[in-house]
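Asks: Position chain B relative to chain A; hints supplied.
Protein chains in written order, with the working numbering: chain A, 410 to 883; chain B, 1348 to 1472.
Read the hints as simulated data drawn from the structure, not as lab findings. Quick caveat, the model's predicted, so the values are computed rather than measured. Glycine residues also receive a C-beta, built at the ideal position from the N, C-alpha and C atoms. There's no promise every hint is true.
To be verified - So, partial list: chain A residues that the calculated Cβ filter (under 10 angstroms) puts toward chain B:
#1 Asp699
#2 Asp702
#3 Arg707
#4 Leu713
#5 Glu714
#6 Thr720
#7 Gln748
#8 Pro756
#9 Gly765
#10 Pro766
#11 Ala770
#12 Arg773
Claimed, not checked - Ranges between beta-carbon positions, derived for each pair:
#13 Ser815/A to Gly1422/B: 45 to 55 angstroms
#14 Thr1466/B to Ala743/A: 42 to 52 angstroms
#15 Glu1370/B to Gln732/A: 35 to 45 angstroms
#16 Ser815/A to Thr1466/B: 33 to 43 angstroms
#17 Asp1467/B to Asp824/A: 38 to 48 angstroms
#18 Arg1457/B to Gly753/A: 57 to 67 angstroms
#19 Thr524/A to Ala1433/B: 54 to 64 angstroms
#20 Met726/A to Ala1433/B: 45 to 55 angstroms
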Amino acid sequence: MLGWVLGVGAPTLIVVGSLPFRSSFGLAGVLFLTLLIVAATSMVGGVRPAVAAVAVGVLAAALADVPPTGSLRVQYQGDLAALLAFVVVGVGIALLVDELGELAEQQAALRRVATIVARDAPPDEVFAAVAEQVGELLPVDMTNLGRFGTDGTMTVVASWNRAGGTIPAVGTVIALGGRNLSTLVAQTGTSARMDRYEESSGAVSTVARTVGSRSAVGTPIFVAGHLWGVMIAASIQERPLPRDTEEQLARFTDLLATAIANAEGRSELAASRVRVVTAADEARRRIERDLHDGTQQRLVSLSLELRTAETAVPPEMTDVRAQLAGVAQGLTEALEDLQEIARGIHPAVLAKGGLGPAVNAFARRSAVPVELDLRADRRLPERVEVAAYYVVAEALTNAAKHAHASVVHIEVAVDDLGLQLMIRDDGRGGADATRGSGLIGLRDRVESLGGRLEITSAVGSGTSLAVTIPIATS
Amino acid sequence: MTPDLLIVDDNLQFLAVARRLLEGEGMNVVGVASTSADALRYANELHPDVALVDVDLGEESGFDLARQLTEGGKGRRVILISAYPAQDLEDLIEMSPAAGFLPKSQLSARAILDLLALTDDHDAR
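So that you can see chain A by itself, here it is in the shape it has in the complex:
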């Protein structure tokens, strides 16, 4: 509306308003001012009001500025050429400015989506943003994003409607098949459009009819070379969507593909990290078990047998008895070494009593005095307990070996949501989690459980480790 007022009113005003100053303004000045109005009108109201502004401008100029005035007749060829040039340039400006405006809007919409993709937002958020941005940008009434399943279905992952409402709802699973846009895109892997819904069929078309779709365009979403899903933009108007709709959609589906590939890559990486940590833990548990049940038990039995033999030796054979006692002592020491090694491989005590007794045992053994604040009165999933155990082990080792701390404060708190671990020492600080230290392994371990590990270790002010590990509710 504003565009039409501007387009028709402003050129009239300029031409009529400039009449008293005609000698100083001249025809060229009037026409130039009118071109500015055309550009402004195109920006505000689009092509049609801008073309109207050109028409009004040329008529008013012919009537008021070109001799003979008061008539549409043009006396001099120079004036005619000026008016024709004005019309050509005016229409050109109208089209160009309108095109530029659309392009700017499209770029802004793409940028908004790209920003969301760049900050690694969850896929659901990216889907919703794309559905909305495309809906706002194009002359459509609804947009949908569907993910193709391996079982001939499509799952709605985003849904936008200009009139509000969320039909079909996100999460809706619709069977493909029949004559409809989604099925066509799934079968051909190329963009398609549908301008007549009378002949459509299938479950997808039932949904499309429910929301009043009359003409629509669908574009495939390819992720890493495979057909992932489809983006649909639909209008409730009979008239077909603009010719460049497919092209516009494709720009957004490219961004979507990037976001999806990123998210899939991330979750694959996370899953593989979980597998690596789990496999390593499993191997260590087995080795510890084998050591304990095998070697350690045999050594225990041997040392008891040795003692049995010792009792059979007559008391007067002091040399033999002393020798046997020496061997028994050696065996005992070997057993203690073995216990130490086995404990380093896998903390078996965890499986028996959980984190509380294990951390307590640690505190008793620690070379650096430990202040312990233990609020872990319940068992956690074994992987969580193992991770927490290793964090405490590494922190105590660092405190004693590298930090030269005089005291370590350990806080363990467990609740329904998960585990919080806080370890502070008063050592010399300067621990670097990014260089080859045990801290990297700890971070991998904690993050593979969806947790976080933060290290603060300024030189001279001690090291503190803050770890939170959530407990999956599933």
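Replies: Same frame as chain A, now just chain B:
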């Protein structure tokens, strides 16, 4: 008077060796068991005064068995044994009703009697 002993461990070699050692040292071993079920049955049939129970009975927990054995027999006492160091198990041993703990490699008649005497003193006070 030497107490009647029941030894419970899932390692058969250890059972045999420990029995030979303790009997050689003058103890009276009335039975050995390798599972919790056997241990409870023998405890009822043989009425041992003291049961030596490995904390680690394969899938079963020696701590659980220690509780069942002390609850099931009046005056019956349990000594937990393990190849794991006492340090690692300290909290669990404290929480258990067992009279005490002996590392397997330190097992002897002397160690058992000392431990029992210690807890007798403790109970008397």
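Asks: Now look at each hint and say whether the structure bears it out.
Replies: Against the structure, the hints:
| no. | hint | verdict |
| --- | --- | --- |
| 1 | Asp699 | violated, 13 angstroms |
| 2 | Asp702 | holds, 7 angstroms |
| 3 | Arg707 | holds, 7 angstroms |
| 4 | Leu713 | holds, 5 angstroms |
| 5 | Glu714 | holds, 5 angstroms |
| 6 | Thr720 | holds, 5 angstroms |
| 7 | Gln748 | holds, 5 angstroms |
| 8 | Pro756 | holds, 8 angstroms |
| 9 | Gly765 | holds, 7 angstroms |
| 10 | Pro766 | holds, 4 angstroms |
| 11 | Ala770 | holds, 5 angstroms |
| 12 | Arg773 | holds, 6 angstroms |
| 13 | Ser815/A to Gly1422/B: 45 to 55 angstroms | holds, 49 angstroms |
| 14 | Thr1466/B to Ala743/A: 42 to 52 angstroms | violated, 31 angstroms |
| 15 | Glu1370/B to Gln732/A: 35 to 45 angstroms | violated, 24 angstroms |
| 16 | Ser815/A to Thr1466/B: 33 to 43 angstroms | holds, 38 angstroms |
| 17 | Asp1467/B to Asp824/A: 38 to 48 angstroms | holds, 43 angstroms |
| 18 | Arg1457/B to Gly753/A: 57 to 67 angstroms | violated, 32 angstroms |
| 19 | Thr524/A to Ala1433/B: 54 to 64 angstroms | holds, 60 angstroms |
| 20 | Met726/A to Ala1433/B: 45 to 55 angstroms | violated, 33 angstroms |
Checked against the numbered hints given earlier, the structure breaks hints 1, 14, 15, 18, 20 and satisfies all the rest.
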